[in-house]
Amino acid sequence: MKNGFLTRGRQRLLLLLLMLPVLAAGPAAAQTVADTAFVLRQADFGPEGIAYEAQRDAYWVSSMRSGRIVQVRAGAASPFAALASGWSALGLAVDTSRARLWVAASALPQAEGYQEAEAGRSALIAFDLDSGHEVARVAGPPGSTLGDLALHLDGTIYTSDGLNGAVYALAPGADTLHTLVPPGVLRSAQGLAVDAAGTALFVADYAIGIFRLDLLSGTLVLLRHDGQRRLWGIDGLVRDGADLLAVQNARGQFSVLRFRLREDRIARVEVLLEGHPALDEPTLGTLVGEDFVFVASSLWGHLNEQNEIEASHPPPVFLKIGLR
1 MKNGFLTRGR QRLLLLLLML PVLAAGPAAA QTVADTAFVL RQADFGPEGI AYEAQRDAYW
61 VSSMRSGRIV QVRAGAASPF AALASGWSAL GLAVDTSRAR LWVAASALPQ AEGYQEAEAG
121 RSALIAFDLD SGHEVARVAG PPGSTLGDLA LHLDGTIYTS DGLNGAVYAL APGADTLHTL
181 VPPGVLRSAQ GLAVDAAGTA LFVADYAIGI FRLDLLSGTL VLLRHDGQRR LWGIDGLVRD
241 GADLLAVQNA RGQFSVLRFR LREDRIARVE VLLEGHPALD EPTLGTLVGE DFVFVASSLW
301 GHLNEQNEIE ASHPPPVFLK IGLR
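Residue 1 is where the sequence shown starts when you use my numbering, and the numbers rise one by one after that.
Honestly, the hints are just simulated from the structure, not real lab data.
For each residue, glycine too, the CB sits at the ideal point set by N, CA and C.
Warning: the hint list may mix true and false statements.
[What the hints assert, rightly or not] Cβ pair distances, simulated, as ranges:
id: 1; residue 1: Glu134; residue 2: Gly113; range: 40 to 46 Å
id: 2; residue 1: Arg224; residue 2: Gly113; range: 41 to 47 Å
id: 3; residue 1: Ser97; residue 2: Asn304; range: 19 to 25 Å
id: 4; residue 1: Arg251; residue 2: Arg224; range: 22 to 28 Å
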């Protein structure tokens, strides 16, 4: 994000207003059943990303506000790593085979200690899963805002830029990012998910819908759907078998959706959760066995124009939805 940016919520609203003439509305019955996975005690933590690793039976949660990352085991959080002041820790991805936690880090006005001189700086940073020590860092392109992550089985990291729409790849051992989708092609690239075959990358464009990027040919296709459900405002995106799970957080429409895919179209949209009282600008999620665990409440909706927290609010809640 660059100088004089609006808050993330207001930036999203502007994108949505631009798209309203071409979006179709559709009713959806509220689904309000979900369990609490855990709660962080620090109310102003400002969670954004979440990852889980089964061997260690641990979660990692990132803070867009302080740049800290905590590890959560048996519901208790402990410090894991921290970024420099003024940087936000955003999307997370666990690479179990290499024992690394990857973090998308960007200097954002919403981060504590932000300095305008840092504007447009971002990086992909890897931490050792056990020690929390930094083991790798690759700078993003000048002027970039790296936000979300996805991991390929071969160790490639994919990352998106929510402001300029670019999508990048970092090959194992590489020291620079490779551009897959250049800035300006998409409006606001957000959540990412690799398909089961490892040959395509699904990309959520916050203002438009879900795209499929062929990793071999570079072809980018918007997934068609019947228009019965608005597909703007998708933030988190996770693959579950042949389906996609999506966290939607636009204009007060806070939902968790399942997309049933068929070739290059969304054959059916299912509402997994909507209308739950804990939903407050939900962001990203992760698969944990047969459950989907996600950040249900964040700070994005509680920041004023000066990026100060406006009022008191409950501690951040992480919800769990059974998928089977």
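Taking the hints in turn, this is what the structure says about them:
| no. | hint | result |
| --- | --- | --- |
| 1 | Glu134 / Gly113: 40 to 46 Å | violated, 19 Å |
| 2 | Arg224 / Gly113: 41 to 47 Å | holds, 44 Å |
| 3 | Ser97 / Asn304: 19 to 25 Å | violated, 43 Å |
| 4 | Arg251 / Arg224: 22 to 28 Å | holds, 23 Å |
Violated hints, listed in ascending order, are 1, 3; each of the other numbered hints is respected by the structure.
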